[in-house]
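Undergrad: Guided by the hints, dock chain B onto chain A, whose structure is given.
There are 2 protein chains.
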Amino acid sequence: MAAEKNSTSEDSLKENLFGVSEELVQAISSALENNDAPKIQALIKDLHAADVSDLIISLNSESRKQFVSIIKDSLNPDVLANLDIPTRVQVLKMLGPNLIAEALKSLASDDALEVLSSLGKEHQAKVLQSLPSRERAMFEKFLSYPKDSAGRLMQRELVCVPPFWTVSETLNFIKNYHDLPEHFYTIYIIDPRHHPLGEISLSLLLRQQEETVVSDIMSQDMRSIQVTKDQEEVAFAFRHYGLVSAPVIDETGRIVGMITVDDVVDVIGEEVEEDILHIAKVHELHVNESVTNTAYWRIRWLIITLVNTLIASFVIAQFQVSIQKMTALSFLMTINAAMGGNSGMQVVTIVVRAIATRQLRESDIWRSVSREVFVSLITGTFFAFLLGSIAAFWVNDIWLGIILAVALFCNMLWAAFAGTMLPILIHRLGLDPAVSAGPILTTTTDVFGYAIFLGLATLILL
Amino acid sequence: MAAEKNSTSEDSLKENLFGVSEELVQAISSALENNDAPKIQALIKDLHAADVSDLIISLNSESRKQFVSIIKDSLNPDVLANLDIPTRVQVLKMLGPNLIAEALKSLASDDALEVLSSLGKEHQAKVLQSLPSRERAMFEKFLSYPKDSAGRLMQRELVCVPPFWTVSETLNFIKNYHDLPEHFYTIYIIDPRHHPLGEISLSLLLRQQEETVVSDIMSQDMRSIQVTKDQEEVAFAFRHYGLVSAPVIDETGRIVGMITVDDVVDVIGEEVEEDILHIAKVHELHVNESVTNTAYWRIRWLIITLVNTLIASFVIAQFQVSIQKMTALSFLMTINAAMGGNSGMQVVTIVVRAIATRQLRESDIWRSVSREVFVSLITGTFFAFLLGSIAAFWVNDIWLGIILAVALFCNMLWAAFAGTMLPILIHRLGLDPAVSAGPILTTTTDVFGYAIFLGLATLILL
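These protein sequence lines are chains A and B, in that order.
Heads up: the first sequence begins at 1 in our numbering, then just goes up one per residue.
Heads up: the second sequence begins at 463 in our numbering, then just goes up one per residue.
Hint data in this document are derived by calculation from the structure and do not stem from the laboratory.
Check the hints yourself; a few may be wrong.
So the derived list for chain B, only partly shown, Cβ under 8 angstroms to chain A, looks like this [to be verified]:
| no. | residue |
| --- | --- |
| 1 | H645 |
| 2 | T756 |
| 3 | T767 |
| 4 | I797 |
By construction, the Cβ of each residue, glycine as well, lies at the ideal position given by its N, Cα and C atoms.
So here's chain A without its partners, still in its complex pose (with noise of 0.2 angstroms):
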């Protein structure tokens, strides 16, 4: 085996379409075992920075350090940019700052951005402090913009042209100026006072004549992003527009950056997962965090758990006597509890996704909920007979079958219900509902089901 894979050319290890292969890994691995600093060179000469960020990830602590430490000097600053947070504050420590000054000057400004928050206050200062002074007054600024808002978002190198020339102007101003952006898809047109004016894309520019004016053919459906939006309705807007790209301004309606489509692809990935991540109640979206780090937050996120399997057992507690004269009750009553909670998370879950996407409008809460409040009885009454029976065969009991339904029925019921509106009124606090409408749902089916069911076996059995 271990002779087959070291046969296999160099050159078919780089050939995989898409991300890195396995075989690559080892042949990494086993050069860094041989410390073959040429090799790993050679390895990676025509890799992606991507994949090279994924090799990084993948490597252990040490074996990283000494991979990193071999292509140091010859790094991809674009490598730095595509590493997941953890992995790139250790990456970036091995650097120190002028490397890493180095780096941000060579990488479009908000990659260059996105690499400096990453580093603690003390250290990016160090940073800053050995970047030229120009450099240091943007990032200053850039810095300044909320975390996850437009402006962390945002390359500031963009192409604009005033309203009255013509497209031939246009064309020799990108032919022959130097500091523009290496890809670009939108020419920005604005007034002396730098406000935005309209937009034309490129390959609409290239199809006019040469003396037409481009204000003339500007198109001015054009959505200006204000700095300080948040990142999530910023990949709200493109996703819903389909833009490619879109200006941003700052509070006095200035142009002050661009943002493209593909700066906002890892966001609408990221807005995504956090509500999967929610909804799971996890924290973090690393694999490389701390193993303390990761203990703390799920402990955090647990609590909730424990808070909410408490009152479900006092609930159960008051109902002992009942338990002792009947114990079918203690292994019934648990069904109720779990088909409530997860039929209702199944609601919440579309909810919360609905709001999420906006699908879900204020005028249509009504809606949403009698819509549930049918797929409910539909659901409730399958399950109901279905459970209700079920049980009736097993204790031989038709009255507790008949109760089991009854309550099952009830807590389906109310999981629909309380599904739809725990999240919308969440959301009407200015919460976050994909973070705690799960939990206290469950809380109510989980109260609501064994109250129901033991009160009623109580009442009407015993």
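TA: Chain B in isolation, oriented as in the chain A frame:
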């Protein structure tokens, strides 16, 4: 209040930056009540197609019919592409084959295909018949690509030039040839067999000397996507490499279309959303799915919960005698199951996402498992101590507290181990871990949680 709302001018109604304002929805509703067609036309005149779609989605079934019949003849075809599937199906039914065929002709090929695919087989055939034979052949070819493949995502329109052309020939071609896509960011260089050789971004092309030959400046670091590749892989490549566009090739290597990042934006969101929905056991993404359809899928997913909870009940039932002797077991046992299940779901979620985003590779498995086990040693100790103490005080029985603590610790350790291994094993079997890892895990934590707590209590205390 009502007077105030009516006094808002029509202009300000359209000013909202992102999405449709509540005021506009109400203005449209009241115009619909008065059947005031000109008012409605005026209100939506300058509205973005995506916002018109949102409006249609937000109307109830009756108003929707009325609204569509008013705007039918002046409908911007992009509105159709932006609707969610259930609403689109409804609207397409109102339009009829000829209007649909007209709309398809003016849409970009990828959007047209999306609209066409939401029709039923019969309806689709009728619409295809209303199309000119050239378009019909193209759509039939496109529809032959697998669902969710690159072929369904790409647009056919793209700009290709031979390698021996100069920059000025290329720019002239773009300027004068009329059958080009409306927006494009990259041109592709192809050989006589239509195989892509390289690409040049427009912004780079514009900065070259006129007599330069394109093959000298093209980038060969281009990632061609096979037409049958799954859209999840496509989205991954775009997100990973920060791509703006990529050529799509057929099985013979011929270029057949291109995918641009704005097409992928939706896929990225959807793929992550799919994972959320699976974790929460929900099928549908659209709040507009019919009640019966929704109920059907909710029931299918809840069957998993049903099996899970019945297995857990069966385990509890084995300990009826113990519970009768010591009823405190009945309310303490649920704590162990809840904590184990929730801590396991945290792990499953992290691992499922790490697999989906390829942060977790084969060689990392043991590192991940040991990391999660270490985390659970901390969290398990914390909660064992905390809940053990609470239980001991509550029921005034130190031994019961110790038993709960031991059972909880073991269950959380198991949840960490199984929560990491299960998604990885399921993924290796070629199945989707987002669907099945959660339910299987919580079944094991329930069974294990009840069995070890009730078992230890029976052995030691009774």
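Undergrad: Would you mind marking each hint as holding or not holding in the structure?
TA: Okay, the hints, checked on the actual structure:
no.: 1; hint: H645; verdict: 5 angstroms, holds
no.: 2; hint: T756; verdict: 5 angstroms, holds
no.: 3; hint: T767; verdict: 4 angstroms, holds
no.: 4; hint: I797; verdict: 5 angstroms, holds
Hint compliance for this structure: no hint is broken.
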